[in-house]
Amino acid sequence: MSPSPAPVPTPAAVPTPAAARFPVAGPAPGTDPAPGTDPAIAVEGLRKKYGPKAALDGLDLTVPRGTVHGILGPNGAGKTTLVRILSTLLRPDAGTARVAGFDVLRRPDEVRVRIGLLGQHAAVDEELSGRQNLEMFGRLYHLGARAAAVRAGELLERFALADTGRKAVGGYSGGMRRRLDLAASLIMAPRILFLDEPTTGLDPRGRTEVWQAVRSLVEGGTTVLLTTQYLEEADQLADRISVVDGGRVIADGTSDELKAEVGGDRIDVVLHDPADLGRAAAALGAVAGPPTADADARRVSAPVADRMTALTETVRALAAAGIEARDIALRRPTLDEVFLHLTHRPAMEETTA
Amino acid sequence: MSTATAPAPVPGTRFRTAGWVLTDSWTMTRRGLAHWARQPVQVVVGLVFPVMMLVMFGYFLGGGMALPGGGDYQEYLVPGMLALTMAFGLEATMVAVTQDLNKGVIDRFRSMPMAPSAVLIGRSVLDMLESSVSLLVMIGAGLAMGWRWHSGLDNALYAVGLLLLLRFAMLWIGIHLALVAGKPELFQAVQILIWPVGFLSSAFVSPASMPGWMGAVAEWNPMSATSGAIRQLFGNPRPAGDGWAAQHAELLAVVWPLALLVVFFPLAVRRFGRLGK
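If you read the protein sequences in the order shown, they are chains A and B. Numbered as in our numbering, the first sequence ends at 353 without a single skipped number. Numbered as in our numbering, the second sequence ends at 277 without a single skipped number.
One chain only, chain A, in its complex shape (with noise of 0.2 Å):
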């Protein structure tokens, strides 16, 4: 069988035992400064340096209730440093950040219980089986032995875990292992999740898996952080998107905004003939903005402002100087575009750690 996420509860829409000693639905008066106002996530000037090397280096970031919210940016960019940082795991060396309202080195176990955490690493007992690592989990956070085990249960049935019976986690998939993990993190039903680049390492099944899950979350209301240095990632899941790179924000908007930025639309035309690749370049150039060309693809591309415009043009220029051309496509520019545009080079690069 192939097993698929269930839709993941809101906090409402799961009542359990634990739900009636610790009201999971509704909010405790007086527990939350300014309930409803607060962003879910407000960081100013977080900086923090590992011996000489900034890994956040002045991060400003606010993350409004509700939302999904994605870090966007290369290996070493501080993404991690950042979540660590949330999640009350790490120290900054200054600035400051809220979480759900409260300071993350004053109030830490306050917002311990308000959060979810997907770090890179399944952060769970590979020895245990999914069963013992929820009721374990359950019980550390106070739920009472009844109580963890009942969550524990729910748990396993939405994540189509329910069948792993006494099988240790070491022998579970990849996929299995990450929504064994996922669930550990919505135990307590947090208003805010952690998603440490959660995909990472996945096969495609696995990563498709992990999105469903988030976005069925998403639908409960969850505010979610997601870093990621998939840019299909972010596209796909984040409302906003935050380009870090060296420890600080470099842009930040909607996918569409980050794209427009680039300059809008591109025009794609791949080429029967390798040969055409320079003299498609010059047609193109003439009709649309500096064209780019990829050799092994056979594709030049191009900005351009007016779609139809341009499409026309593109296809009167290639006819005119005799270029057969197999497609021509107009579509928006990657986040992989995106980033070169903002860094001057490619978000993929390999960076040694």
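No lab work stands behind these hints, which were simulated from the structure alone. Given the structure is predicted, the values throughout are model-derived calculations rather than measurements. Just so you know, not all the hints are guaranteed correct.
[What the hints assert, rightly or not] Below 27 Å or equal to it, Euclidean Cα-Cα: the simulated DSSO-like pairs (lysine-lysine) are:
#1 A:Lys49 <-> B:Lys183
#2 B:Lys103 <-> A:Lys53
#3 B:Lys103 <-> A:Lys167
#4 B:Lys183 <-> B:Lys103
#5 B:Lys183 <-> A:Lys53
#6 B:Lys103 <-> A:Lys49
With chain A fixed as given, assemble chain B onto it according to the hints.
Structure of chain B alone, referenced to chain A:
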């Protein structure tokens, strides 16, 4: 945000933390017990290994051993092996803590509103439990080999107490080393170094039979203190030695572990608290 989707508030206040230390430590202990239940072979191997050493030294080498002060070598060996097993527990603790730290599950523990000390307390409870069982098994094996205690059950129980005290000190050294190194590479160094350190003691032979300065170092080894003291308490033959340390083994068997604890317990706790810095 409507009340229906508001998340869980924090149950209680900061006063809850004291109670959490107990419940969370118990949860962490249960986790270790579940590991044992899943790896019974590993547990049995851990218990059999010191018995195997006892048999090797008692029968393979023991025949050629003569004690300078006279007496039966089996009677001399068993207490030494008990002390050595407690000291070697350092390695077991270090391996367990290092594996935990490298597994990422520690990150989840630390991102949860649990008592952070529970991770270390759970580890100590488990290791002390394991060592107690190990002591029982070894004492049983010793009895089967003809070893006896001759000075009453109360002294024998005091001796067991001294052994567990040594184990407790080694436990915190092990935790500290794991936190300092945090990498499996250091295992090997410790796994190798623990042998000469363990043998440079009165565990197997009398330090008097070693070259002068080595014998002096061996007499001061905490393991010599504990094995000397428990030999006295069990009424077993003691190493011939006239150094101050050899003469005051009972005192040192208490002072050494306490001194090690005074140093390494705060260091380890501080290290654990500083994981986030």
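Structure-based check of each hint:
1. A:Lys49 <-> B:Lys183: Holds. Lys49 of chain A to Lys183 of chain B sits at ~22 Å (cutoff 27 Å).
2. B:Lys103 <-> A:Lys53: Roughly 26 Å between the alpha carbons, so the hint for Lys103 of chain B and Lys53 of chain A holds.
3. B:Lys103 <-> A:Lys167: holds (18 Å)
4. B:Lys183 <-> B:Lys103: holds (11 Å)
5. B:Lys183 <-> A:Lys53: The hint holds at about 22 Å.
6. B:Lys103 <-> A:Lys49: Holds, because 24 Å separates the two Cα atoms, which is no more than 27 Å.
Of the numbered hints given earlier, the model fails none.
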